[in-house]
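> The chain contents come next:
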Amino acid sequence: MPWLAIAFMAGLAITVVLVPQALVLPVVSVAALASAAIIAVTAYVSPRLATLRPINGWDIAGALTLIGCAAAIFGEIEPLVEYFKPAPERSPSRG
Amino acid sequence: MVDFAHLFTPESLSAFAQVIMIDLVLAGDNAVVIGLAAAGLPLDQRRKAIIVGIIAATVLRIGFAGVAIQLLQIVGLLFAGGVLLLWVCWKMWRELRSGGHEGEGMFNGDVNGAAATAAPRKTFAQAAWQILIADVSMSLDNVLAVAGAARDHPTALIFGLGLSILLMGVAANFIAGLLTKHRWIAYVGLAIILYVAGDMIVRGALEIRAEAFTG
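Line by line, the protein sequences are chains A and B.
Counting with our numbering, you get residues 1 to 95 for the letters of the first sequence.
Counting with our numbering, you get residues 1001 to 1215 for the letters of the second sequence.
Just so you know, the hints here were simulated from the structure itself, not pulled from any lab data.
There could be a bad hint or two in this list.
Said to hold, decoys possible - Partner residues are not named here, just some residues of chain B that face chain A (Cβ under 8 Å, in silico):
| # | residue |
| --- | --- |
| 1 | M1021 |
| 2 | L1024 |
| 3 | V1075 |
| 4 | G1076 |
| 5 | L1077 |
| 6 | A1080 |
| 7 | L1084 |
| 8 | L1086 |
| 9 | I1158 |
| 10 | F1174 |
| 11 | I1175 |
| 12 | G1177 |
| 13 | H1182 |
| 14 | R1183 |
| 15 | G1189 |
| 16 | I1192 |
Cβ coordinates follow ideal geometry from the N, Cα and C atoms, glycine included.
Pulled out of the complex, with its shape left as it was, chain B reads as follows:
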């Protein structure tokens, strides 16, 4: 039987607050990249792409959380994740550039993706791959932070996971809708993901350097 009194101790409430805030922070990058990849797809495919992204992020987070201790010991993982995310950025940049040359008309559809249905720029498979690769990179980073804050509070960890899934789904849907209608904002989203990739690469490089000097 669940001991509810245990949930309301200062330590548990503190862990809950930490996990909620960390999840809000860490679900943001997933939401932006899913929204960015799903934007431009027809409405039905956009919804499928968002669902694929959320399921992938959830499965990866649960999987990575199970082996968080082992993952922490692998030097260079963060760097590799950053490079992978940089590659996703490059693919998205090329799509945005080529989309710009194909004419503005296709991007001026309503938020339901009517125009995107007429001239889709990318396929569902392309969007799904981008989302999966980005999810692998970012979920790894996210899990290590959340696992550190809530390792003694599994209830908080599960609550945080649920919250981040909800946030990712709703936020990615809003962002994809906005980017489908106002395509130029996608460059802002791309810059944000580029920052995340750069940050992972720098932190990963520092980690490798420290390891090289110490051992």
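Isolated chain A, as found in the complex:
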């Protein structure tokens, strides 16, 4: 499924370009976990995707989950917390 890898890399490139640097990894994490959920649901309802060889839908869901977890772990929590604070509470140095 090369199209899936291309779509993933394209999505990653767009995220890196458009999203503030501190939020790239959290956004990648949420996107990867959401994609894993979509592919898992698709594999659940579609036996064709679930039985593909050598890599099936469950493998892709697992790989995206691992990528999502890794991106979450390597990302910093502080920028996220700062981003979700109501505007008056935000630290001036971070805008």
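Given the coordinates of chain A, work out where chain B should sit on it, guided by the hints.
Chain B only, in chain A's frame:
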């Protein structure tokens, strides 16, 4: 009676958003370590191991949240947690290495663990211990972060806990399935947990150093 209007204030919504994102971030390391420890077990044991891991993480988080203030005062706790997690990494590394020498055949089973049933590399007890020790280390770190973000919003805290349990269960199951079939990816998972352990040790060491210089 619950005041639902209170839930939709900007402060509450902000706390909810913070807790959701923090839980997504912090459930990830638990999911990877549970998936890593459970991979290679037969399917029925794998499910049990994941359930044990989730229950342990939940109980520990609730317990640690209750004494978060006291835990924050103990210097060196983070360092000790990191060393404990490093030991789990070492055990997993040895298992992966010994598994590699025992032949590739046992790892080529389907995602339902058919091959793992034929030649299990580790016992359920070994996997459960690894998960419990890793949960103790990581839940401690996680609770302190979440408690800080949502201390005035218990609803958000409970919602976040529920979300992280759900995420841990589903994610650990997917990861364990992937690692059972494609064993080499377990080295990637191990590197991620090694990073978490190293990060805890460095932060813990800095905390001890700061305490030594100030008091």
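> Run every hint past the structure and note whether it holds.
Consistency of the hints with the structure:
1. M1021: Nearest chain A Cβ about 5 Å off; hint holds.
2. L1024: With Cβ-Cβ at 6 Å, under 8 Å, it holds.
3. V1075: Hint violated; V1075 of chain B Cβ to chain A Cβ min 22 Å, cut 8 Å.
4. G1076: Nearest chain A Cβ about 22 Å off; hint violated.
5. L1077: 18 Å, violated
6. A1080: This hint is violated: A1080 of chain B lies away from chain A, its Cβ roughly 20 Å from the closest one there, beyond 8 Å.
7. L1084: The hint is violated - L1084 of chain B has no Cβ within 8 Å of chain A, the shortest such distance being about 17 Å.
8. L1086: This interface hint is violated because 16 Å lies over the 8 Å limit.
9. I1158: 18 Å, violated
10. F1174: Nearest chain A Cβ about 4 Å off; hint holds.
11. I1175: Since the shortest Cβ distance to chain A is 5 Å, the answer is holds.
12. G1177: 5 Å, holds
13. H1182: Status holds, d = 7 Å.
14. R1183: Given a least distance of 13 Å, the restraint on R1183 of chain B is violated.
15. G1189: It holds, given that the least Cβ distance between G1189 of chain B and chain A is near 7 Å, below 8 Å.
16. I1192: 5 Å, holds
Violation of the numbered hints given earlier is confined to hints 3, 4, 5, 6, 7, 8, 9 and 14; the remaining hints are satisfied by the structure.
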